[in-house]
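Spelled out, the chains give:
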Amino acid sequence: MTALTMPARPDADGDASPRPIPWRRMAGVTWRQHRAALASVAVLLGALAVWLWRMGVPLHQAYAAAVACHPAASAACQDLVGGFNSSADGHFMGSKGPGGVLLQVLPALIGAFVGAPVLARELETGTFRFAWTQGFVRWRWALGKLVLLAVVLAVATAAFGALVAWYFQPYGGASPQVPGLFENSPFGDLFSLREVTFPAWTVAAFAIAALAGMLIRRVVPAIVATLAVYAGLAFATAGLLREHYLTPLVTTAVSLPGASTAWVIGQWSTLNGRFAYAGDPPLNLVNQYCGSNSGAKGGPPGAVFTQCLAPHGYVQWTSYQPTSRLWPFQWIEGGWLLALSALLIAVTVWLVQRRAA
Amino acid sequence: MNVIEAGGLGKRYGRTWALRECTLEIPAGRVTALVGPNGAGKTTLLNLAVGLTPPSAGAVTVLGGRRAGSPAALDAIAFVAQDTPLYKTLSVADMIYVTRSLNRRFDQPYAKARLDELGIPPKRKSGKLSGGQQAQLALTLALARRPQLLVLDEPVAALDPVARHDFMATVLAAAAADGVSVLLSSHVLTELERVTSYLVLMSRGRVQLAGEVGDLLAAHGQASLEELAMTYLRETTPEVTR
Chain A
34 MTALTMPARP
44 DADGDASPRP
54 IPWRRMAGVT
64 WRQHRAALAS
74 VAVLLGALAV
84 WLWRMGVPLH
94 QAYAAAVACH
104 PAASAACQDL
114 VGGFNSSADG
124 HFMGSKGPGG
134 VLLQVLPALI
144 GAFVGAPVLA
154 RELETGTFRF
164 AWTQGFVRWR
174 WALGKLVLLA
184 VVLAVATAAF
194 GALVAWYFQP
204 YGGASPQVPG
214 LFENSPFGDL
224 FSLREVTFPA
234 WTVAAFAIAA
244 LAGMLIRRVV
254 PAIVATLAVY
264 AGLAFATAGL
274 LREHYLTPLV
284 TTAVSLPGAS
294 TAWVIGQWST
304 LNGRFAYAGD
314 PPLNLVNQYC
324 GSNSGAKGGP
334 PGAVFTQCLA
344 PHGYVQWTSY
354 QPTSRLWPFQ
364 WIEGGWLLAL
374 SALLIAVTVW
384 LVQRRAA
Chain B
5 MNVIEAGGLG
15 KRYGRTWALR
25 ECTLEIPAGR
35 VTALVGPNGA
45 GKTTLLNLAV
55 GLTPPSAGAV
65 TVLGGRRAGS
75 PAALDAIAFV
85 AQDTPLYKTL
95 SVADMIYVTR
105 SLNRRFDQPY
115 AKARLDELGI
125 PPKRKSGKLS
135 GGQQAQLALT
145 LALARRPQLL
155 VLDEPVAALD
165 PVARHDFMAT
175 VLAAAAADGV
185 SVLLSSHVLT
195 ELERVTSYLV
205 LMSRGRVQLA
215 GEVGDLLAAH
225 GQASLEELAM
235 TYLRETTPEV
245 TR
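From first to last, the protein sequence lines are chains A and B.
Under our numbering, the first residue of the first sequence is numbered 34, with each subsequent residue one higher.
Under our numbering, the first residue of the second sequence is numbered 5, with each subsequent residue one higher.
Among the hints, a few may not be true.
Some chain B residues well away from chain A (every beta-carbon gap over 12 Å; in silico) [what the hints assert, rightly or not]:
hint, residue
1, THR88
2, PRO89
3, SER95
4, ASP98
5, ARG149
6, ASP157
7, ARG198
8, ALA223
9, HIS224
10, GLU239
Covered by chain B, according to a simulated footprint, are these stretches of chain A (three or more residues, beta-carbon under 8 Å) [stated by the list, open to error]:
hint, region
11, 64 to 74
12, 186 to 194
13, 358 to 365
Just so you know, the hints here were simulated from the structure itself, not pulled from any lab data.
The C-beta atom is built at its ideal place from N, Cα and C for all residues, glycine as well.
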């Protein structure tokens, strides 16, 4: 076999530090290496989007019809409201259906599935010896790849988050003239699936997965580790962290301003300016003052006791996050998640540059 | 100019020294063979030279004083690692695209012509190529970068005799026609006999002997590289190299 001879090298440049190769070249490289994963994500989100859209349109129509109906107290209008409520209530993707909870795993799955192989696959198959000895320089290779993939994921999941928020809108819609319509707080389970939080959680999962892949060096264990860390972070955020983003408002009003879509953080009562009890009143107080038939009229369940204890000097306090804080809360959560992701990506890139082969 | 200069170079993994007290100057324009039994430290020395791993002691520079792993060094060195790692799911054409994108220089016409000549179809996934073809693809990608130094780690260990011959022919052609310096490691001596002009013998993490092949043969009174290596390594190591 004969070998081709090569034309002379353009110039034997011995200069100390050549101009870096343009970043944009990573776009084609990243696409070729990760198109299968990105295409899978696109198909998954696309199929879910079509499904949500097809269910969402009649849902919105039924809701709009119930709200627009006049007079609201008429039998025909009550039928519309009842129809909307019953159709939505038992629904898989209803306000109490399992669908919304299942959507919670999407950011973790997408992030782990795309992020874990970025470095773990290279280390698993030995191709890092190829990638890290090219002229592009390995820390730039890692940074370019991770940032590109994170941006693509963020854009795709932001669009999907907007669709999810749109779909669940009727369940959260508070309508004073149509009592009985769903009035779910936007701070509930679906808070992390909205326009800002959905992409932020996805990018966080991606960054966790990339770092896990770099540390564990194998794809499947890195995915498992990512899901575990993500679950811990998500539960800690929902259970402990989120309510402290802004100082809660405190009121003594029995029915909260901003209707029932506000997020109640805590309730406690005082007697003569001193703390009496937290939450529901103790049984002995109820027996002493409220009797068997307190005669209180309607209102939320806890309000019954509050009303019969009020004449005896007990004041109930409620700390809550008003519905108007939805967007500040979205940006606060999105902001710290993106900062965390940036930090994790920086650590990953640093590890790539300093790791011994 | 020296393609590799190492001074007191050492690499420790945990408590074991894979390479120690390595002081070496490999001149440019040679085909240098790094020969020694498995575990002698050959791969470690090559990883240090291409900047994949940082030294635990001493220092190594390449191509006239460039720090190993620096942008200037990466720019001018092409490395083909052991078992020629390629992205198995990418087509040959995509491998060319990736390599071209990641380097300042890439001789696309050379790569295309070379793969045509080898009968490697551009649309085939690189994982579906034969072992010999994968090695040739990796070598072609490396040479198309027009490196000043080509580093090959055990390039022919996994190849059958015909593929070995073809592979070394390509390496030699590049060295002869374009003046590419070549540094390759091997524990197989037979294929190196014809091509090597500079020899580095290693065992147990140390460089035992280094020099021009002609000089070494004359000084040690041996007729061939294989005899020289066998005699020398038998004296210094309990294992026998093949």
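request  = Provide an ascending list of the numbers of those earlier hints which the structure does not satisfy.
outcome  = 1, 2, 3, 4, 5, 6, 12 and 13
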